[in-house]
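Put together the whole structure using the sequences plus the hints.
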Amino acid sequence: MAVEQGRENRYEKFLTSLEPGATTEYVASVYDELAEQFDETSSKEKLIHPSVIGCVGYDAPSKLAKIFEGVCNDKSASIVDWGSGVGLAGAKLLESGFTNMTAVDISQKSLDVAAKNGIYQRYVKLGDSKQLFKPDEFDAVVCCGSFIPNHVPPDIFYEWNRIVKPGGIIAVAMRKEYIHLTEGRESLFSEKMKHEMETVLGDLEMKGKLELLSRGEFDGYYVSGLIGISYVYIVCC
Numbered sequence: 003m004a005v006e007q008g009r010e011n012r013y014e015k016f017l018t019s020l021e022p023g024a025t026t027e028y029v030a031s032v033y034d035e036l037a038e039q040f041d042e043t044s045s046k047e048k049l050i051h052p053s054v055i056g057c058v059g060y061d062a063p064s065k066l067a068k069i070f071e072g073v074c075n076d077k078s079a080s081i082v083d084w085g086s087g088v089g090l091a092g093a094k095l096l097e098s099g100f101t102n103m104t105a106v107d108i109s110q111k112s113l114d115v116a117a118k119n120g121i122y123q124r125y126v127k128l129g130d131s132k133q134l135f136k137p138d139e140f141d142a143v144v145c146c147g148s149f150i151p152n153h154v155p156p157d158i159f160y161e162w163n164r165i166v167k168p169g170g171i172i173a174v175a176m177r178k179e180y181i182h183l184t185e186g187r188e189s190l191f192s193e194k195m196k197h198e199m200e201t202v203l204g205d206l207e208m209k210g211k212l213e214l215l216s217r218g219e220f221d222g223y224y225v226s227g228l229i230g231i232s233y234v235y236i237v238c239c
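Letter by letter, the sequence shown follows residues 3 to 239 of the numbering used here.
Listed next, with one range per pair, are the computed distances between beta-carbon atoms: (1) Ser-98 x Arg-124: 16 to 22 Å; (2) Tyr-160 x Ala-117: 25 to 31 Å; (3) Glu-207 x Lys-127: 28 to 34 Å; (4) Glu-213 x Lys-68: 17 to 23 Å; (5) Glu-213 x Asp-76: 14 to 20 Å; (6) Leu-134 x Thr-25: 19 to 25 Å.
Listed below are the simulated DSBU-like cross-link pairs for lysine-lysine, each with C-alpha atoms no more than 30 Å apart in a straight line: (7) Lys-209 x Lys-136; (8) Lys-136 x Lys-65; (9) Lys-136 x Lys-118; (10) Lys-196 x Lys-127; (11) Lys-65 x Lys-77; (12) Lys-196 x Lys-178; (13) Lys-167 x Lys-209; (14) Lys-178 x Lys-111; (15) Lys-65 x Lys-196; (16) Lys-68 x Lys-211; (17) Lys-127 x Lys-211; (18) Lys-111 x Lys-127; (19) Lys-178 x Lys-194; (20) Lys-178 x Lys-211; (21) Lys-68 x Lys-127; (22) Lys-136 x Lys-196; (23) Lys-167 x Lys-77; (24) Lys-111 x Lys-65; (25) Lys-65 x Lys-167; (26) Lys-136 x Lys-68; (27) Lys-136 x Lys-111; (28) Lys-194 x Lys-127; (29) Lys-65 x Lys-178; (30) Lys-118 x Lys-65; (31) Lys-196 x Lys-68; (32) Lys-211 x Lys-196; (33) Lys-65 x Lys-194; (34) Lys-118 x Lys-77; (35) Lys-211 x Lys-136; (36) Lys-68 x Lys-178; (37) Lys-77 x Lys-111; (38) Lys-194 x Lys-209; (39) Lys-127 x Lys-167; (40) Lys-136 x Lys-77.
These are computed hints drawn from the structure, not numbers from a lab. We put the beta carbon where it would ideally sit given N, CA and C, even for glycine.
Laid out in structure tokens, this is it:
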């Protein structure tokens, strides 16, 4: 009962970060607060099995890790987990054998939780700088659950294209409802995000910078019945 109540409280807090007008600073403060709650009960083992810290049903990190493992067999590949949070996706990638990961997030306290549990090798807080990394610095970018209104904007694909080496991978998992009008979840749909995703990805594909390797859907993004979408791109140049 306590775990269930904790999950509901966290979800209600998360929803406030989606409200129109929510600033980057406010979104960061929401995740700082949520990270403190995670920190009370988290460990590397619990991040790998997140049901014990109130994330029961959140299967997107596991799904994305499996998708990524299917396209990258180099366990030493340098990976950026963009919007890493407390390390849920990173923990699944670590479990799969990937050992060279950099966490990027706007919430310092989320990064602190991930660092405490030794999920990543580097921890980078997003700030005012638009270019945190060198061109072609990484073999891959993964992003799980961060394409949300007021969170990671679709034009971040331009930056990912810059920092990932040609031949590298960009793998994303997100909720379908944010970019596809879904019956019963109309309030989550963002026409703006849908348009920006289509525009940015269409531009990069047309210019020959990205090639779509796969696009899929999966059930159980958070709980059964919530559909996730995955995108996997190869960086061409």
